[in-house]
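So the sequence lines, in the order shown, correspond to chains A and B.
Oh and the first sequence: position 152 is 152 in the numbering used here, straight run, nothing missing.
Oh and the second sequence: position 38 is 542 in the numbering used here, straight run, nothing missing.
Be aware that a few hints might be false.
Stated by the list, open to error - The calculated label-pair distances, taken between Cβ atoms and stated as ranges, are:
#1 655(B) with 341(A): 28 to 38 angstroms
#2 284(A) with 698(B): 33 to 43 angstroms
#3 358(A) with 562(B): 32 to 42 angstroms
#4 724(B) with 380(A): 43 to 53 angstroms
If you are wondering where the hints come from, they were derived from the structure by calculation, not from laboratory data.
Note that beta-carbon positions come from the ideal geometry of N, C-alpha and C, so glycine has one too.
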Amino acid sequence: MCLPLVVLGWVGLRLARQERDMATQRTRDLLVARLADTDRIIADYFDTQRRSLATIADAMVSSPDSIRDTILRDPLIDNAFLLSPDGQLIHPNLNSLSQRESTFISTHGDMVRDINTPADDEQTATITGSWTVRFAGQGVNIFYNHASPGGQTVAILLARARWMADVIANLPDTPIDEEEVDTQIRLINANGDTVYAWGRLANDNDTQPFAELPISEPLAAWRLQYLINPDNLTASTAAYFNMLSLLAVCGLVIIVGGLAFHREYTRRVTEATQRVSFVNHVSHELKTPLTNIRMYAELLDEHIDGESDDKQRRHLDIIVEESQRLTRLIGNVLTLGKSQRDQLNVRPRPAIVDDAIRDVAQLFKPSFDRRKVSVDMNLDAPATVNVDVDAVEQIVGNLLNNVEKYAAQGQSVTISSTQTDATTTITVADQGPGIPADQHERIFSPFARLSNHIADSPGTGIGLTIARELARRHGGDLSLVPTDKGACFLITLNTPAAQRNADA
Amino acid sequence: MKVLIAEDDQLIRVGLAEILQREGYTVIEAEDGQSAIERYKSESPDFVCLDIMMPKVSGYHVCDTIRAANREIPIIFITAKSEEIDKVAGLECGADDYIVKPFGVREVIARIRAITRRCYAHRQDATEASSFTIGDLTVLPHELRARREDTTVDLSLRDVRILQLLHDNPGKALARHKIFTDCWGEMYLPNSRTLDQHISQLRKRIEINPKSPKIIRTVHGVGYRYDG
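Can you build the whole structure from these sequences, using the hints too?
Shown next, in the form of structure tokens:
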């Protein structure tokens, strides 16, 4: 029982985890897409600047004297390099450097060398130029590089404050999805500092970004982060835990149910076993004294000289008969018990039915003699057939027992037997008071007697029940045949032919 | 003939012993499986009656042990269990027959005689040639039967012994104590009616007219005689 539970739990866990991961991934993808939208805003801005910077660069090339003016007038431009085709620095003029230009060169002077390096053909082919990012001073420096058709090179340094302000100005000040109040998008610079954030996060301490996206050129060193309230994040984790707890509950129910069932089953098996062994034990215990009563009565019988001790013999006969009656009663009770437990079986073996009938009739002879009941036997079932002799004796015995109890006043009982093919038929007919028509079926029910007054009719009421059950198990039946006087019981048994026993 | 009875209930054991002794057998008693095996080894009985539910060692085990030593010896189980499985098991483990408690004396006798016939049939000294005629009766000792024309009578071992003794001494009056000693194997007590009762019962079975016996004649004051 534990193994499927473990497997179930493991599979469930895997599934839940997969679900959670997939859900997380889906959410992340969604958010990354939103960040990409934001990124596009930034990229669009720089693209726009690039186009205008291209024009400005061309103007710088054509009139280098106006560069200072251009720089002054354009808030986006911090400074600029202009190089001759052979790499000579035209602007700033090293002979007359302003303070600003001085700082500019000391910071970015080595860039001139890099600019001098011939770029790819492809790169120089682009009209709008390219971006270069340099890390110096306080962070990222964005240069716009431009190669003019005449061979001059322009490198325009963007004023950081300006482009940053522009970028931020272009960013939304609320999250794209206004329903998500507990989320935040952050603009993170190359150092990991938050440059700008929009949205609202209840608890923004030590929050790991749920989604991240590096920004397009030229701010590739920067990134956008999507932050979610950890509680919201655990919504999917909550679902995960919900599933787990559901599984746990299911598992618990299975375990508890299994245990309860197992215990109940074990209890019943134990009970049944105890009942069976009790019945077996009791029957064994009862049979020993019964055996002795009968055996010693019969031994005593043989000591008696028949002629002179008739009375003694009669007394002994009664002892023997009553012990036989007790044996039959115990047999009936045990059979009923077996029948109720569905363990009643007949075991046909080669035998002669008439012999069995004679044996059981013989047992009743003394009792019938005493009651002056004559026994007529018309037996015609002499073939050796497959029959359970014990069952035959129990059935006929129970019927004769009833005659003895209820129909002795009829003074006669007739037992007949016939055989055809694989069927043996036995009838036991008496001349007693008979059975009322409305009781014809009821008498076969367990514990049913014609009268409920104990004084009226002795007996347990199971004799006919047993007899019928045995007959049916033997492939036949026991029924009451309508008669004018008395009662006539008809037994049919399935008795296929058998090989004659060599040791008859 | 020697019979070993293994039965833990004393009353049943003693009762069975009495039945068998009346039949003419010498009875060896054992009250549990262990002593059953021991007494089997020391006494070498001709056949064995075993109860199944015995302390220490069960009847099945005793049966197996004896069978391992002797494939031929007849074994009867006497038991309270009538469950089919027990019947089959009992017969499958090498038992020859099965008697269920509570049994009748006659039933036991019938089974024992049947077993005895089988014993004789198996023996090398099969007494087929030993059938004899006494009066108009043909006695078949190995079958424990007597036949007159088309009537067959079952005989006990002792019956056969008595008739054999009479037949071997035709015309001679045999004293009671001699008959008793020969056929009972015990000391005859003068006041015992055992012999007379037995003869009386035997006459009822084999004489055409028991009141006027032709085969076993009374010799008053002495004993009995067969006139040859």
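Now the hints, each set against the structure:
1. 655(B) with 341(A): 28 to 38 angstroms: violated, 49 angstroms
2. 284(A) with 698(B): 33 to 43 angstroms: For residue 698(B) against residue 284(A), whose Cβ atoms are near 35 angstroms apart, the range 33 to 43 angstroms holds.
3. 358(A) with 562(B): 32 to 42 angstroms: holds, 35 angstroms
4. 724(B) with 380(A): 43 to 53 angstroms: holds, 50 angstroms
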